[in-house]
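Number of protein chains: 2
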Amino acid sequence: MFTHCVRDVLSGRLSQSKTPQCCMTLALQHTRRYSSSAQSEDLDPLRALLELCANRYYISPGQTTSELFQRGRSCSYGPLGMELKKNLLEQWWHSVTRSKSQVFGINTLSSRKDTATGGLRIVESEHVKQILEQQELSREQLVQKVQMLLQRSSPVRTDLLQGALEEFVPSLELVNRKLPFGLAETGLCFQPSDGSVCSAEVTQTSLVWFCSPRTSSQWLDHWTRQRLKWWRKFALSPSDFSSSDVPEEELEAAASRGVRIVYSFPWGQEPLEMLWSRGNTELLHTHKGAHSTLQCRNGRKTVPHVVSLTGNMDRGVMAFLSNSLLQLKNVDGKQKLQQRQVLKLHPVLAPVKVALDVDRGATMEMRQVCEGLLQEFMEAEISAWPGYLDTQATSVEQLTAKYDEMGVLFTAIISENTLESGLLQVRSRDTTIKETMHISELKNFVSRYISAADNV
Amino acid sequence: MFTHCVRDVLSGRLSQSKTPQCCMTLALQHTRRYSSSAQSEDLDPLRALLELCANRYYISPGQTTSELFQRGRSCSYGPLGMELKKNLLEQWWHSVTRSKSQVFGINTLSSRKDTATGGLRIVESEHVKQILEQQELSREQLVQKVQMLLQRSSPVRTDLLQGALEEFVPSLELVNRKLPFGLAETGLCFQPSDGSVCSAEVTQTSLVWFCSPRTSSQWLDHWTRQRLKWWRKFALSPSDFSSSDVPEEELEAAASRGVRIVYSFPWGQEPLEMLWSRGNTELLHTHKGAHSTLQCRNGRKTVPHVVSLTGNMDRGVMAFLSNSLLQLKNVDGKQKLQQRQVLKLHPVLAPVKVALDVDRGATMEMRQVCEGLLQEFMEAEISAWPGYLDTQATSVEQLTAKYDEMGVLFTAIISENTLESGLLQVRSRDTTIKETMHISELKNFVSRYISAADNV
Numbered sequence: 001m002f003t004h005c006v007r008d009v010l011s012g013r014l015s016q017s018k019t020p021q022c023c024m025t026l027a028l029q030h031t032r033r034y035s036s037s038a039q040s041e042d043l044d045p046l047r048a049l050l051e052l053c054a055n056r057y058y059i060s061p062g063q064t065t066s067e068l069f070q071r072g073r074s075c076s077y078g079p080l081g082m083e084l085k086k087n088l089l090e091q092w093w094h095s096v097t098r099s100k101s102q103v104f105g106i107n108t109l110s111s112r113k114d115t116a117t118g119g120l121r122i123v124e125s126e127h128v129k130q131i132l133e134q135q136e137l138s139r140e141q142l143v144q145k146v147q148m149l150l151q152r153s154s155p156v157r158t159d160l161l162q163g164a165l166e167e168f169v170p171s172l173e174l175v176n177r178k179l180p181f182g183l184a185e186t187g188l189c190f191q192p193s194d195g196s197v198c199s200a201e202v203t204q205t206s207l208v209w210f211c212s213p214r215t216s217s218q219w220l221d222h223w224t225r226q227r228l229k230w231w232r233k234f235a236l237s238p239s240d241f242s243s244s245d246v247p248e249e250e251l252e253a254a255a256s257r258g259v260r261i262v263y264s265f266p267w268g269q270e271p272l273e274m275l276w277s278r279g280n281t282e283l284l285h286t287h288k289g290a291h292s293t294l295q296c297r298n299g300r301k302t303v304p305h306v307v308s309l310t311g312n313m314d315r316g317v318m319a320f321l322s323n324s325l326l327q328l329k330n331v332d333g334k335q336k337l338q339q340r341q342v343l344k345l346h347p348v349l350a351p352v353k354v355a356l357d358v359d360r361g362a363t364m365e366m367r368q369v370c371e372g373l374l375q376e377f378m379e380a381e382i383s384a385w386p387g388y389l390d391t392q393a394t395s396v397e398q399l400t401a402k403y404d405e406m407g408v409l410f411t412a413i414i415s416e417n418t419l420e421s422g423l424l425q426v427r428s429r430d431t432t433i434k435e436t437m438h439i440s441e442l443k444n445f446v447s448r449y450i451s452a453a454d455n456v
Numbered sequence: 001m002f003t004h005c006v007r008d009v010l011s012g013r014l015s016q017s018k019t020p021q022c023c024m025t026l027a028l029q030h031t032r033r034y035s036s037s038a039q040s041e042d043l044d045p046l047r048a049l050l051e052l053c054a055n056r057y058y059i060s061p062g063q064t065t066s067e068l069f070q071r072g073r074s075c076s077y078g079p080l081g082m083e084l085k086k087n088l089l090e091q092w093w094h095s096v097t098r099s100k101s102q103v104f105g106i107n108t109l110s111s112r113k114d115t116a117t118g119g120l121r122i123v124e125s126e127h128v129k130q131i132l133e134q135q136e137l138s139r140e141q142l143v144q145k146v147q148m149l150l151q152r153s154s155p156v157r158t159d160l161l162q163g164a165l166e167e168f169v170p171s172l173e174l175v176n177r178k179l180p181f182g183l184a185e186t187g188l189c190f191q192p193s194d195g196s197v198c199s200a201e202v203t204q205t206s207l208v209w210f211c212s213p214r215t216s217s218q219w220l221d222h223w224t225r226q227r228l229k230w231w232r233k234f235a236l237s238p239s240d241f242s243s244s245d246v247p248e249e250e251l252e253a254a255a256s257r258g259v260r261i262v263y264s265f266p267w268g269q270e271p272l273e274m275l276w277s278r279g280n281t282e283l284l285h286t287h288k289g290a291h292s293t294l295q296c297r298n299g300r301k302t303v304p305h306v307v308s309l310t311g312n313m314d315r316g317v318m319a320f321l322s323n324s325l326l327q328l329k330n331v332d333g334k335q336k337l338q339q340r341q342v343l344k345l346h347p348v349l350a351p352v353k354v355a356l357d358v359d360r361g362a363t364m365e366m367r368q369v370c371e372g373l374l375q376e377f378m379e380a381e382i383s384a385w386p387g388y389l390d391t392q393a394t395s396v397e398q399l400t401a402k403y404d405e406m407g408v409l410f411t412a413i414i415s416e417n418t419l420e421s422g423l424l425q426v427r428s429r430d431t432t433i434k435e436t437m438h439i440s441e442l443k444n445f446v447s448r449y450i451s452a453a454d455n456v
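Just so you know, the protein sequences line up as chains A and B, in that order.
Here the first sequence is numbered in full-length UniProt numbering, starting from 1 and rising by one per residue.
Here the second sequence is numbered in full-length UniProt numbering, starting from 1 and rising by one per residue.
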């Protein structure tokens, strides 16, 4: 279900003035986010989002990419999409591995030798072709040979659970057989065909939490609270993220309880993360029922229960992009209604923290100042955009519009004046305020802003 | 070829004393690293390395894992192996994306729809089985149906080059058609069968550098220098990393020059990274010869040449583990010869920077102090090992031996004394010196040590 959401946001009009002092006239404007009842004046919200993402280097242009992206599957990400996804995965990792001292990271294989059959498998197509081309084989021999080849091929994983269950025994020594503990992993998983695409990949996050049977339900609640809080932390509109119990009839075979964390896209709800309380049948099955090797030392000797958390970070990227795209309407100096789009991604997630650009009439010296600043930001691990490399003449207004659509937090404009006085102009995406500051202050200013947003 | 390497290293004997002052007697001992002429007193170097890695949470135990690891392919990594690989990938990313302002990150698909046939492909095995079970199909119909299914299946990538070549056109706008620029990516690639394993995955790093035709050879030299310097930066024995030109008869079809960066394992040389100057045939082929869309604005309108850098980070992990494993012999207090193993991984790469442990007779209060310290390290993003969770009684000597094998930089021992005076004992892996410091100094001490090592 779509959460109908009309909000007032602070937006402002762009100033034509280039005087150094703060020179923004703020105007509280009535603005609305994409809604399912979007009228003709608005673009179709999905189309608008996909267009912006393709134009602003989040995803590669093209129909296939858009389709995959929209379905919450991995697609070809451009530089900004890649950085956003990286930031999101990093935040997930920190949040999960730092919340408890007993969470350990692992890195398992995406394809493995397996005696079971079925599922998605990687085959060497030349080998199949060779069999098919053997004219001397009878129909039965042919069938048999292809079956054998299929059996010998490596299945690819559809989730990260199995890898963690296998790592349970080697990990027991780490924690001296004491519960609870968890194994965390992020990685590529493959999903079976859903008609239009042959098979598709998804970047998943996984925490597999091993605990005593009597605490598993409490842990499921604990992790649900933690995870929902995490998703909402980075949202512009937190209420679009919600959790709900999985109805009994939809529970997975092994599971006694399940929780779904969903995002309300303009076109309906989609799950971002699934939490399951899964008992210990799968753990026992993985280790061939060897009770004694699985037992832990918590009071009585028990085979632990498993709580699994599985997130889809490709859909996560899509959710935060959708959540942070604002359509703002403001009246310009000539009382003309203007529409602009701003991608208000959370400062921690925003792929570009600061864009470095030059005023019209850029000289070699101005570019060198930018180059120096870029180096400074790189060393501080703050991602900066080398806008000054683009030598096409663009007005400051066009630049601002572009950077707002890219979700860039701050735009620093180096001008002739910077060379003389060391002063530059910095515009904030969120307040639209332009400030003048000394070039030596810029890095700390941006850095402090991001830290402050992270600690909220 | 193996670089024969006998070195003197500074090693010391463990002190039994627990007095707060620095109490290490240093002894310069003749030590030797694994050598191809290893005598009976030494373990087989490969076996010793694999055993240590499995025992100390770098890789999962088991024959398959060891085999994959040894071949420089992805395997199941334990918590320490995962962290080492993550650190290595992070360092690669920083080094490549920060060395030039014109390097952009991308994230492309590992499987894609493709009209070509051949190679490794992901198939839904149920679909193949369904065809094979259709009794009414003639032999010819069967062959045709399997062929069609194969054609519709997604091929998986064997390297990251193709993805970057496809992203070339959308990236041109970013740089305003100006050369040179590069596209960086890290990710999973799949390699065809080599007999024993069906197919295998490798974590690759890739920089695809687009430059003007006349500068491509210079850029190949530039990147070779950069990359070799990078590998050597983290090495204990830098001369084990070397580069050599690929002989003309071994050049890839499209390439005019190639360079190999290799590591000399005790069992022979293996390539870590390949650099190719590959002209523009593949770029033209990817974009169906559309010269006009590929042209850049450098002097005359040219289709850029491609220099590719492809690294195998699974083998990189293996190389640094092999490079940093030292077998030390020292004489203990009773003049008895003792052998110990130390994994002297570079401070930046070491998966655990500090282990937090408790002295014998640990109390609840001491564990709480550890918990607080762990939290402090987590917040500072310094990876710490919760050794205090292990409640088995172990001597300080056994702990030290274990942490040396894990490659832990510092071991902090919290004792009864810490509760009274706030002082704890910190032992350095590299100097084996024990120092007493106040608990409030520990984090900054470790943090300064790592930064200093990073800036060398």
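The set of hints was computed from the structure by calculation and includes no laboratory data.
Please note: incorrect hints may appear among the correct ones.
As the list makes no split between identical chains, a pair holds if one copy fits it or if it spans any two.
Capping the alpha-carbon separation at 27 Å, the derived lysine-lysine pairs in DSSO-like fashion look like this [claimed, not checked]:
no. : residue 1 : residue 2
1   : Lys178    : Lys402
2   : Lys329    : Lys344
3   : Lys100    : Lys443
4   : Lys100    : Lys301
5   : Lys301    : Lys353
6   : Lys100    : Lys353
7   : Lys402    : Lys344
8   : Lys100    : Lys329
9   : Lys301    : Lys329
10  : Lys86     : Lys329
Since the model is a prediction, treat every value here as computed from it, not as a measurement.
Structure-based check of all given hints:
1. Lys178 - Lys402: For Lys178 and Lys402, the Cα distance is within 27 Å only across copies (20 Å; inside one copy 54 Å).
2. Lys329 - Lys344: For Lys329 and Lys344, only the intra-copy Cα distance (15 Å) is at most 27 Å; the inter-copy one is 60 Å.
3. Lys100 - Lys443: For Lys100 and Lys443, only the inter-copy Cα distance (19 Å) is at most 27 Å; the intra-copy one is 33 Å.
4. Lys100 - Lys301: within (23 Å within a copy, 57 Å between copies)
5. Lys301 - Lys353: Neither: 52 Å inside a chain and 34 Å across chains, both beyond 27 Å.
6. Lys100 - Lys353: Result: close only across copies, 18 Å inter versus 30 Å intra.
7. Lys402 - Lys344: The answer is within: 13 Å in one copy meets 27 Å, while 48 Å across copies does not.
8. Lys100 - Lys329: neither (45 Å within a copy, 39 Å between copies)
9. Lys301 - Lys329: For Lys301 and Lys329, neither the intra-copy (64 Å) nor the inter-copy (42 Å) Cα distance is at most 27 Å.
10. Lys86 - Lys329: neither (32 Å within a copy, 44 Å between copies)
The structure fails to meet hints 5, 8, 9 and 10 from the earlier list, while all remaining hints are met.
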